[in-house]
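**Student:** Here is how the chains run, residue by residue.
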Amino acid sequence: DAGITQSPRYKITETGRQVTLMCHQTWSHSYMFWYRQDLGHGLRLIYYSAAADITDKGEVPDGYVVSRSKTENFPLTLESATRSQTSVYFCASTPLTDFRTDTQYFGPGTRLTVL
Amino acid sequence: AQKVTQAQTEISVVEKEDVTLDCVYETRDTTYYLFWYKQPPSGELVFLIRRNSFDEQNEISGRYSWNFQKSTSSFNFTITASQVVDSAVYFCALRGLQGSGNTGKLIFGQGTTLQVKP
Chain A
186 DAGITQSPRY KITETGRQVT LMCHQTWSHS YMFWYRQDLG HGLRLIYYSA
236 AADITDKGEV PDGYVVSRSK TENFPLTLES ATRSQTSVYF CASTPLTDFR
286 TDTQYFGPGT RLTVL
Chain B
-10 AQKVTQAQTE ISVVEKEDVT LDCVYETRDT TYYLFWYKQP PSGELVFLIR
40 RNSFDEQNEI SGRYSWNFQK STSSFNFTIT ASQVVDSAVY FCALRGLQGS
90 GNTGKLIFGQ GTTLQVKP
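Which chain is which? The protein sequence lines are A and B, in order.
If you count the first sequence from 1, you need to add 185 to reach my numbering.
In terms of my numbering, the second sequence has 41 at position 52, counting the first letter as 1, and numbering is strictly consecutive.
Treat the hints as calculated values from the structure; they're not laboratory data.
Check before you lean on any hint, since a few could be wrong.
[To be verified] Partial pick of chain B residues on the chain A-facing surface, computed with a CB cut under 8 Å:
| no. | residue |
| --- | --- |
| 1 | 27 |
| 2 | 29 |
| 3 | 33 |
| 4 | 34 |
| 5 | 36 |
| 6 | 40 |
| 7 | 80 |
| 8 | 92 |
| 9 | 95 |
| 10 | 97 |
| 11 | 98 |
| 12 | 99 |
[Said to hold, decoys possible] Each computed EDC-like pair below joins lysine to aspartate or glutamate, with the alpha-carbon atoms no more than 20 Å apart:
| no. | chain 1 | residue 1 | chain 2 | residue 2 |
| --- | --- | --- | --- | --- |
| 13 | B | -8 | A | 223 |
| 14 | B | 106 | B | 7 |
| 15 | B | 59 | B | 33 |
| 16 | A | 196 | A | 264 |
| 17 | B | 59 | B | 18 |
| 18 | B | 106 | B | -1 |
| 19 | B | 27 | A | 264 |
| 20 | A | 255 | A | 241 |
| 21 | B | 27 | B | 4 |
| 22 | B | -8 | A | 244 |
| 23 | B | 5 | B | 75 |
| 24 | A | 196 | B | 7 |
| 25 | B | 59 | B | 75 |
| 26 | B | 59 | B | 4 |
| 27 | B | 27 | A | 241 |
Even glycine gets a Cβ: it sits at the ideal position worked out from N, Cα and C.
Construct the complete structure from the given sequences, taking the supplied hints into account.
**Tutor:** Structure (structure tokens):
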């Protein structure tokens, strides 16, 4: 039962480079999310996806691109990394089949540093 | 608009003390869900509890208890007889049925860092 995994776990890159963070879940959950965690802000939603080929912006989408060609994968791309994108990124998923009982499950996080 | 406020940025207690973490939320939704997550020093997010807006019963799980009060829009978390292993960042989160457009999006508070000293 692998659950939800993220890769890489740690990444250092330079300003202006393109970076892709991977997220994979084995539960076939419909909904997937990308959050970033910054001190003083908690977790903020970047993008989410309701199903394959359906994505939408969250609270802080600028500078990020997502795709979802397969239900189990939800990559997040920083097209031209900036220092302000230094953060810890969490991927999450939920089946959302029963709103009363569904819980969001989080991956282990990716710590990204942009120099 | 939906918002979650955790006014306590950091709390430090000595082992065996009781500690309460505050969470205040704002939403116009009539149906909503509140969550607490724990983030230990290892960094992962661990789900602790989910509470539905129509169920105001308090809940106890071992040393953990949660006090949900709709009248004050609060969902506070108490750890009784704290232990060093309770040291972590704790997040309160909100999911509104209408405000989130049935997408399951979570609105997080800023987090409270709890340090339990031996």
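**Student:** Which earlier hints can't be squared with this structure?
**Tutor:** Going through the list in order, the structure violates hints 1, 2, 6, 15, 19, 24, 25, 26, 27 and respects the others.
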